Amino acid sequence: MSETTLWTGLIVIFVAVVFVTMFQENKRRQREFFQKIKKGWGQIPDREYTWDKLEQIAQYYRERKDDRFVIDDITWNDLDMDRVFMLLNQTVSSPGEDYLYYMLRTPEFREEKLAEKEQLYSFFREHEKERRKVQEILAHIRKPPTASVYQAIHVTKEYDAGKTWKQILMCLAFVLSIAAFIAVPRYGVFVFLFVTCINMGTYLKDKEVINIYLTGFRCMLQLLNSANSLNKLKMGELHRYTERLNACVKEFSGFRKGASLVLDRDGFASGPESFILDYIRMMTHIDLIKFNSMMKAMKEHRAEAEEMLEIYGLLDACISIASFREAMPYYCVPEFTGYKKGSDVRMKVENLYHPLIHEPVANSIDASGGILVTGSNASGKSTFLKNVALNAILAQTVNTCTATKYAAPFFKIQTSMALRDDLESSESYYIVEIKSLKRILEESRDETPLLCIIDEVLRGTNTIERIAASSNILAHLRKPHVLPFAATHDIELSYMLEGAYTNYHFEEEVKEDDVEFNYLLKKGRVTTRNAIRLLSMVGYDRAIVKESEAAVADFESTGIWKKVGN
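Once you know that position 288 of the sequence shown is 288 in UniProt numbering, the rest is easy, because the numbers rise by one and skip nothing.
Since the hints were derived computationally from the structure, they do not count as laboratory data.
There's no promise every hint is true.
Pairs of lysine-lysine residues, derived as DSBU-like cross-links and limited to a Cα-Cα distance of at most 30 Å, are as follows [as the list claims (entries may be wrong)]:
(1) Lys36 with Lys117
(2) Lys523 with Lys340
(3) Lys299 with Lys53
(4) Lys113 with Lys250
(5) Lys113 with Lys53
(6) Lys405 with Lys479
(7) Lys405 with Lys113
(8) Lys232 with Lys39
(9) Lys232 with Lys36
(10) Lys299 with Lys65
(11) Lys113 with Lys207
(12) Lys405 with Lys341
(13) Lys438 with Lys341
(14) Lys117 with Lys129
(15) Lys143 with Lys113
(16) Lys438 with Lys523
Listed next, with one range per pair, are the computed distances between beta-carbon atoms [claimed, not checked]:
(17) His127 with His476: 48 to 56 Å
(18) Glu549 with Lys341: 30 to 38 Å
(19) Ser253 with Asp366: 53 to 61 Å
Here the structure is a predicted model, which is why all the values come from computation and not from measurement.
Don't be surprised by glycine CBs; every beta carbon is placed ideally from N, CA and C.
Go ahead and model the full structure; you've got the sequences and the hints to work with.
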């Protein structure tokens, strides 16, 4: 056996071992992925997101919200909707999590769209094998390291494709320089070297400009390849979606041809063949020529690209919601009752619980007109109000409520609850609060049903003006098409608004030095207080507690506050 034969055999064996190892590793990753999908179904996800990552996901919503009614930033933050999004998010693709976020911020006002989602929930719940196959395909639409797929594709619209004549001239000059070198080597070599230097310099400069757009091209190829894979599944229930995807793919037929000239496999070059290809690219600019034609296709068919993102996002998000339903103790499909102009809007919910709370207490209410909730500190007022608003959003976005019954019309939903000082604009809490309430008053002028949730009206000002102003604000919100829920510590409001608002309350049970809450909603105004008792529970000086209790008793009998500290 010759030395050459020996080395050749060793190289072949080495390549074979590497190939088999990579193949087995790929199979192992696939098995782990399938196990993760199987185990994750019907479970609470444990994903966490940084603020930057959530901002990436939100970009899709911000670009698409248009002029329709959306869940604004105040309401979103009041209800801790980022955590709700993370609770619901079992998506496996970048378009999936983008679209799920978009769904939660854009309530529907027609049953047709919700019915379409309901059909997908049912299909994916009942067909586990098909669901996993779809998830496997969707998982190939990977998020780039520093952006979402939507952002990567969307950024291409900023590029001015320009003309390709410059690149064609460079390519032609290189071909002619080779011809000159062959025909007249003595002088042609200088022509060849000159053209080579010019082509390399201009190539490196132009290549640097287009590099940021190549990620979008790779993502676009993922969308096109995934469409072909979904089509091969031949699922009749998904025919309406694969048909639309196929129509979009046809528009990108030219985009895919020769894409390898521009894009290295997996986004980076390696091996001698890649080195040779890079040299050919630098000399001929062939990838720059192809880049311009691909960019032209991206610009001309942006609508088709966004339609594909929407379809993938919808399918992935619906699988996620179907899994969320399985993870909940119970849920219901909402009933949308319609609204007759001039009559009081009504909401009926039974056994409503908050999905973010461990071992939640369920409550029921049949609400029409205004609802005023009083109660002691930490008794459950704010949580209940948030729960009402959250389930109205879930009803109109994912057609799912964490209750045994939810019946209401389609609402616009706004809240004013967890406000804070705006340091950037130097606005105090009170200014932030009155602006927040003003937007609700302005929204109430439209006769579309409005659900508004207000916690501690005008807490940022003095007692006398707070009661005077808040009573009138709440009175102005008492309109047939508006369903206001308000929580307050000001018991005076429960008397001033009696007749316009129905009183409900939460109460506590005092046991020695302890206060216990049952978190059950009850009719009528509250008759107990616990603020001073809580001072004692957390270890305040006993003298402060006793003197405070005495001051309350004295005020209730005389109506006058006595001086203290003298």
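Q | Unmet hints by their number, sorted upward, for this structure | A | Structure breaks hints 11, 18.
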